[in-house]
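S.K.: Sequence:
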Amino acid sequence: GGAVMTSEKTSYDKLVDLIKERHPEPISDQQAHRLARNLMGYCELVIRVAAKTPQEVLDNQLEYSNLLMRRQNADAECRNSNSEGCASAHD
Numbered sequence: 031g032g033a034v035m036t037s038e039k040t041s042y043d044k045l046v047d048l049i050k051e052r053h054p055e056p057i058s059d060q061q062a063h064r065l066a067r068n069l070m071g072y073c074e075l076v077i078r079v080a081a082k083t084p085q086e087v088l089d090n091q092l093e094y095s096n097l098l099m100r101r102q103n104a105d106a107e108c109r110n111s112n113s114e115g116c117a118s119a120h121d
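Numbering-wise (our numbering), the sequence shown opens with residue 31 and increments by one.
Simulated from the structure, these hints should not be mistaken for laboratory data. The beta-carbon is built from N, C-alpha and C at its ideal position, and this holds for glycine as well. Hints may be right or wrong, so weigh each one.
[As the list claims (entries may be wrong)] If you anchor each label on the Cβ, the simulated ranges turn out as follows: (1) Ala106 / Val79: 43 to 53 Å; (2) Ala104 / Glu55: 46 to 56 Å; (3) Thr40 / Tyr94: 48 to 58 Å; (4) Leu97 / Cys73: 28 to 38 Å; (5) Ile57 / Ala106: 44 to 54 Å; (6) Glu55 / Leu75: 38 to 48 Å; (7) Gln61 / Leu98: 33 to 43 Å; (8) Leu69 / Met99: 30 to 40 Å; (9) Asn96 / Glu38: 36 to 46 Å; (10) Asp59 / Asp89: 23 to 33 Å; (11) Glu38 / Gln60: 20 to 30 Å; (12) Glu51 / Leu88: 22 to 32 Å; (13) Met99 / Pro54: 38 to 48 Å.
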């Protein structure tokens with residue numbers, strides 16, 4: 031492409047290369063760059079929503095699995111206490 035070459039490839043450049051390499055059919059630079067931008071935008075959004083620091087990414091992964099367990103337990107408690115519509119409050 032017409033981009034200025036830096037001594038070190040960015041994550042974005044590596045992603046573009048990977049997309050071109052792995053894509054089942056031949057793909058233009060323009061298409062590869064569009065895919066890379068979409069992917070990076072999506073990944074950044076997901077990570078930003080989930081965590082502020084790398085450590086929090088790991089914590090959040092644990093939290094998600096714990097949350098599922100807690101939700102099941104909460105639903106069970108609601109059934110035991112026979113409160114009507116209680117489980118739906120944990121949405």
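S.K.: Would you mind marking each hint as holding or not holding in the structure?
M.R.: Outcome of the hint check:
no. : hint                       : result
1   : Ala106 / Val79: 43 to 53 Å : 29 Å, violated
2   : Ala104 / Glu55: 46 to 56 Å : 49 Å, holds
3   : Thr40 / Tyr94: 48 to 58 Å  : 30 Å, violated
4   : Leu97 / Cys73: 28 to 38 Å  : 22 Å, violated
5   : Ile57 / Ala106: 44 to 54 Å : 50 Å, holds
6   : Glu55 / Leu75: 38 to 48 Å  : 28 Å, violated
7   : Gln61 / Leu98: 33 to 43 Å  : 38 Å, holds
8   : Leu69 / Met99: 30 to 40 Å  : 31 Å, holds
9   : Asn96 / Glu38: 36 to 46 Å  : 39 Å, holds
10  : Asp59 / Asp89: 23 to 33 Å  : 38 Å, violated
11  : Glu38 / Gln60: 20 to 30 Å  : 24 Å, holds
12  : Glu51 / Leu88: 22 to 32 Å  : 29 Å, holds
13  : Met99 / Pro54: 38 to 48 Å  : 39 Å, holds
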